[in-house]
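Asker: What follows is the residue order along each chain.
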Amino acid sequence: MASEKNATDVSVRINSDDNLLHAPDETLVIQVARGNSTALEVLYDRYASTVLGISLKVIGDQALAEDVLQETFWRVWQSAGTYQSQRGPFTGWLFRIARNLSIDAYRRRNVRPQTISGAEGSDPILEETPDPDTNVADQAQSILKNRQIRKALAALPTVQRQVIEMAYFYGMTRQEIAEATGEALGTIHTRARLALQKLRGEFERDEFEG
Amino acid sequence: MNLKDSMDPRIEELLPFYALDALTDEERELVESYLTEHPEARAQINDLQSGASALPYGISPVEPPRHVKESLMARVNADAEAQVRARSTVQASRPSAPRRSWFENLFQVFSLGAAAIAIIWAIVLNAQVSRLQTEISGLHETLAKQGNTLEQILVNLPKSPSNVITVSLRGTNVEPSAHGQLIADPKEQSAVLIISGLPKLEANKTYQVWLISAGGPVSAGLLTVDENGQGVVVVTSDESISSFQSLGISIEPKGGSPQPTGDIVVLSDI
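Those protein sequence lines, which keep their order, are chains A and B.
The opening residue of the first sequence carries number 1 in the numbering used here; numbering runs sequentially from there.
The opening residue of the second sequence carries number 1 in the numbering used here; numbering runs sequentially from there.
Just so you know, the hints here were simulated from the structure itself, not pulled from any lab data.
Relax, there's no trap hidden among the hints.
Cross-link-like lysine to any residue pairs, in silico, SDA-like; alpha carbons within 20 Å at most:
{"no.": "1", "chain 1": "B", "residue 1": "K187", "chain 2": "B", "residue 2": "P217"}
{"no.": "2", "chain 1": "A", "residue 1": "K198", "chain 2": "B", "residue 2": "Q44"}
{"no.": "3", "chain 1": "A", "residue 1": "K198", "chain 2": "B", "residue 2": "D47"}
{"no.": "4", "chain 1": "B", "residue 1": "K205", "chain 2": "B", "residue 2": "N228"}
{"no.": "5", "chain 1": "A", "residue 1": "K198", "chain 2": "B", "residue 2": "D21"}
{"no.": "6", "chain 1": "B", "residue 1": "K69", "chain 2": "A", "residue 2": "A63"}
{"no.": "7", "chain 1": "B", "residue 1": "K69", "chain 2": "A", "residue 2": "R75"}
{"no.": "8", "chain 1": "B", "residue 1": "K69", "chain 2": "A", "residue 2": "S37"}
{"no.": "9", "chain 1": "B", "residue 1": "K69", "chain 2": "A", "residue 2": "L20"}
{"no.": "10", "chain 1": "B", "residue 1": "K69", "chain 2": "A", "residue 2": "D67"}
{"no.": "11", "chain 1": "A", "residue 1": "K198", "chain 2": "B", "residue 2": "I45"}
{"no.": "12", "chain 1": "B", "residue 1": "K69", "chain 2": "A", "residue 2": "I97"}
{"no.": "13", "chain 1": "B", "residue 1": "K69", "chain 2": "A", "residue 2": "Q62"}
{"no.": "14", "chain 1": "A", "residue 1": "K198", "chain 2": "B", "residue 2": "A43"}
{"no.": "15", "chain 1": "B", "residue 1": "K69", "chain 2": "A", "residue 2": "N36"}
{"no.": "16", "chain 1": "B", "residue 1": "K254", "chain 2": "B", "residue 2": "V234"}
{"no.": "17", "chain 1": "A", "residue 1": "K198", "chain 2": "B", "residue 2": "E12"}
{"no.": "18", "chain 1": "B", "residue 1": "K205", "chain 2": "B", "residue 2": "V174"}
A short, non-exhaustive set of chain B residues, derived as facing chain A with CB atoms under 7 Å:
{"no.": "19", "residue": "T24"}
{"no.": "20", "residue": "S50"}
{"no.": "21", "residue": "L72"}
{"no.": "22", "residue": "N77"}
{"no.": "23", "residue": "Q83"}
Since the structure is predicted, the reported quantities are computational estimates derived from the model, not experimental observations.
The C-beta atom is built at its ideal place from N, Cα and C for all residues, glycine as well.
Using the sequences and the hints given, assemble the complete structure.
Answerer: As structure tokens, this is what we get:
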């Protein structure tokens, strides 16, 4: 009798875990807020590589970037209840946590960032590496989305891309960017606006196609 | 004239950096203040934020080593187990000995304190009765001489602790779950009020107790409730409690008001 019950429990858990694998991010965050560690694991499998990519770009140090990756998902575990879906998608919240923790870590440890590079794939990264734990369809969609946006970033004039990357990934203010690039503040404003407008068009097209 | 034409150019140049979350605190406050006053500008911010939100996807993903996930999940699972253990410990201890928060303990102490006050009150009244009975003995002789009976005098004297009454208090429609008791000797000018079921107020507000007669409400003190919505206060008045018909509690600004101005949360006849 006990073994029958155990078998049922295991079956329910497998079905439940299987459902989580295909659940939308927002559903998973609700589960995480209820203390479901499997839901957190699914989110980690979906986004850990992007978070590590962000962190590594900001900090430029693999070990520190891995610490930030773990800390980012620990924050998700602890603060999932504070996420509000009406204020934007989960990924926006997650990447903002990662970005802010990365900038803090960089400033605290004063580690040199990687050279501000183009987005053509010249970074020392494992591009589009298949993850055996991730659903193949999700993986393909994610790869296509990333590829399309990288293409859009690559299509931006270097000076425009440089401004938005300095602001977003390194938390530099517009005055700091003007000083670092030797350009007038007005030029920095224009470049940032134009770059974001072009990216927005690409992102929306991607969302529509996705 | 479109929005861009009419927008303050100083704000307009800040918007892309607001979307990129790269403004100083002062600049961010400036933009947010502008957005509050000009909600129509939010559409432009949303467009720019949409562009900024594409940036993380432009990063080539980096496959993390397995030990990072193992370490994270070990930490998370340990935390989850600790939470489950904490919950089951609370549940297991509930039937035999309910765990009390320190607020509940504090309330219990207050309740015991109130009971102690009532007992002391009774003792004091007993002493008064003894003293008065002694006086009555003396008066008896005098009255006997005057032809009156002792019984006529006793009617007007506080005879025993049974003079201490308990009045049930109920919440109004504003706070229907509020309830409590007023322990009072109607002839005295103070009483003990015990209340529960009231929400804790913001720091800039307070509960105020009112004793109400035909002449209107008179403040009888301020009341603070704990996290569990419970509170005890000794209410005082220049006149005896019996001269009032009702007791009310209202929500007032910190420090109290000369007259009730906020919601009445408790109102009962006494």
